[in-house]
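My request is simple: use the sequences and hints to build the entire structure.
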Amino acid sequence: MARRKDIADDPPPAADPAPPEQVVEPAEEVVRSHYEKTRKSLIERLGNWEDQRSWDEFYRTYWRLIYGVGLKSGLRPEEALDVVQETILAIAKQSREHRYDPKAGSFKVWLMNMTRWRIGDQFRKRAKDTAMQKFPDEDDRKTSTLDRFADPKAQKLDGIWDLEWKQNLADRAVATVKQRVSPRQFQIFDAYVIKGWSVKKVMTELGVSMAQVYLAKHRVGGLIKKEIAELEKQLI
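The sequence shown begins at 956 in the working numbering and counts up one residue at a time.
It cannot be assumed that every hint is accurate.
[As the list claims (entries may be wrong)] In silico lysine-lysine, DSSO-like type, Cα no more than 27 angstroms apart, as pairs:
| no. | residue 1 | residue 2 |
| --- | --- | --- |
| 1 | Lys1027 | Lys1121 |
| 2 | Lys1133 | Lys1180 |
| 3 | Lys1180 | Lys1156 |
| 4 | Lys1150 | Lys1027 |
| 5 | Lys1083 | Lys1027 |
| 6 | Lys1121 | Lys1181 |
| 7 | Lys1063 | Lys1181 |
| 8 | Lys1133 | Lys1188 |
| 9 | Lys1133 | Lys1150 |
No wet-lab data here; the hints were simulated from the structure. Computed from a predicted structure; not experimentally measured.
So, in structure tokens, the structure goes:
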């Protein structure tokens, strides 16, 4: 999931920029399998799942955010996927029981805390499994090993969450705006702003003028900024 440069930045230099650190997503079949597993668990645990479409949309909207935060907190890919599932299930349960009160805090903070707790669960599970493998017959030593375990990135989670949250909003905004503009104009914007091509390369590869490049950047970029602002009003 590539990080984008600011859509209001000046034209990039001729040389392509070095790619930033990226979150490597799991294979599509793994994501699909995990999604179906989560859906099945939701139905089993909540009984009459009245708003299936809303939960489907919620999963598609937030799974990458939760997964990315899990990875950057130090979890392995399979552990991060488990965090996605358990977080969605916990949110569904609390929503059904009306335990989320918007007056008590923002949705952003609530979702972060739900994710944080599930990440902690995974680290505790990992520590327990490691302790049992090392000292299967010594309960005291197992306990002390578990107590000594600490997530090396736990204190950085707030910063990780903010970065991933902003990226998730940007991704949603880009996907929405892509449906509103012409495929050609989005192609130019994608090449110049998202991929970071130089103006010259965009003109050569796509057969467009400099004016078209800057027009696409201005128009599509402006729509994306407006969409991000709307999403922030709704979710933060």
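Going through the hints against the structure:
Between the alpha carbons of Lys1027 and Lys1121 the distance comes to roughly 15 angstroms, so the proposed pair stays at or under 27 angstroms and holds. Under the criterion of a C-alpha separation no larger than 27 angstroms, the hint pairing Lys1133 with Lys1180 is consistent with the structure, at around 13 angstroms. The suggested pairing of Lys1180 with Lys1156 holds, with an alpha-carbon distance near 25 angstroms, which does not exceed 27 angstroms. A C-alpha spacing of about 23 angstroms is found between Lys1150 and Lys1027, which places the hinted pair at or below 27 angstroms, so the restraint holds.
Taking the CA atoms of Lys1083 and Lys1027, the gap is near 21 angstroms; set against the 27 angstroms cutoff, the hint holds. Simply put, Lys1121 and Lys1181 have alpha-carbon atoms about 14 angstroms apart, close enough for the 27 angstroms limit, and the pair holds. Our distance criterion of 27 angstroms between C-alpha atoms is met by Lys1063 and Lys1181, whose separation comes to about 19 angstroms. Straight-line distance between C-alpha atoms of Lys1133 and Lys1188 comes to about 21 angstroms, which keeps the hinted pair within the 27 angstroms bound.
Note on Lys1133 and Lys1150: the hinted pairing holds, with a Cα-Cα distance of about 15 angstroms set against a maximum of 27 angstroms.
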